[in-house]
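Peer 1: One line per chain: the protein sequences are A and B, in this order. According to our numbering, the residues represented by the first sequence are 1 to 112, in order. According to our numbering, the residues represented by the second sequence are 1 to 110, in order.
Since the hints were made in silico from the structure, they are not lab data.
Which stretches of chain B does chain A cover? Using the computed rule of at least three CB atoms under 8 angstroms from a CB of chain A, they are:
(1) 43-56
(2) 97-108
Among the chain A residues that face chain B by a calculated CB cut under 8 angstroms, a handful are:
(3) E42
(4) L43
(5) L90
Quick list of the computed label-pair ranges, beta carbon to beta carbon:
(6) V112(A) - A68(B): 49 to 57 angstroms
(7) D38(A) - L75(B): 25 to 33 angstroms
(8) N53(B) - E56(A): 26 to 34 angstroms
These figures come from a predicted structure and were not determined experimentally. Glycine included, every Cβ here is placed at the ideal spot set by N, Cα and C.
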Amino acid sequence: EADIYQTPRYLVIGTGKKITLECSQTMGHDKMYWYQQDPGMELHLIHYSYGVNSTEKGDLSSESTVSRIRTEHFPLTLESARPSHTSQYLCASSESGDRGFEFGSGTRLTVV
Amino acid sequence: QKEVEQNSGPLSVPEGAIASLNCTYSDRVSQSFFWYRQYSGKSPELIMSIYSNGDKEDGRFTAQLNKASQYVSLLIRDSQPSDSATYLCAVSGSARQLTFGSGTQLTVLP
Numbered sequence: 001e002a003d004i005y006q007t008p009r010y011l012v013i014g015t016g017k018k019i020t021l022e023c024s025q026t027m028g029h030d031k032m033y034w035y036q037q038d039p040g041m042e043l044h045l046i047h048y049s050y051g052v053n054s055t056e057k058g059d060l061s062s063e064s065t066v067s068r069i070r071t072e073h074f075p076l077t078l079e080s081a082r083p084s085h086t087s088q089y090l091c092a093s094s095e096s097g098d099r100g101f102e103f104g105s106g107t108r109l110t111v112v
Numbered sequence: 001q002k003e004v005e006q007n008s009g010p011l012s013v014p015e016g017a018i019a020s021l022n023c024t025y026s027d028r029v030s031q032s033f034f035w036y037r038q039y040s041g042k043s044p045e046l047i048m049s050i051y052s053n054g055d056k057e058d059g060r061f062t063a064q065l066n067k068a069s070q071y072v073s074l075l076i077r078d079s080q081p082s083d084s085a086t087y088l089c090a091v092s093g094s095a096r097q098l099t100f101g102s103g104t105q106l107t108v109l110p
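In isolation and in its complexed conformation, chain A is listed as follows:
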């Protein structure tokens, strides 16, 4: 059973709308990550956090923002969605960088 949860699973939204993708984990992991992945393409790290009030941008430039107010919660926000934001967004967490990540089930976002 998954210990990392993402909602919604699917989202279709109009251009210009503000959206927040939720990610929560119950394992007490300090490290959490957001990846973006287009179908059949590789994973791109867009944000990560090593603990409460700590967030960093990843390798791929993204117009999204994140926050980490609680250990278990790492939401991602798009202030104004555009069709170019259409993708799958995957949240992950880990106990330390030397242990594998556990991924959530992902949010498939479509901006029309």
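Using the hints, position chain B against chain A.
Peer 2: This is chain B only, laid out in the frame that chain A set:
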């Protein structure tokens, strides 16, 4: 040069055969190595981790690591159609970040 390189495939093997997936990495101080399986439309699932040179076996899966050659591989014995997926190699390097390869698409033919 990419930090983690994999043959993109597709790799096709007949049912019952051994599938061999390869990965090379550039960061010599990398300490931890992982294989993920990703079915189409799903999120990656951790299937193997390896931290020291040699072989590590788990059921039908064997991970092999050679740090001198900066090479890690995954062998799948008695391949089944349900093994058809994209396999991602991931490496934890000096920055303590996981870097993923682009994945190898495996198809097991019945």
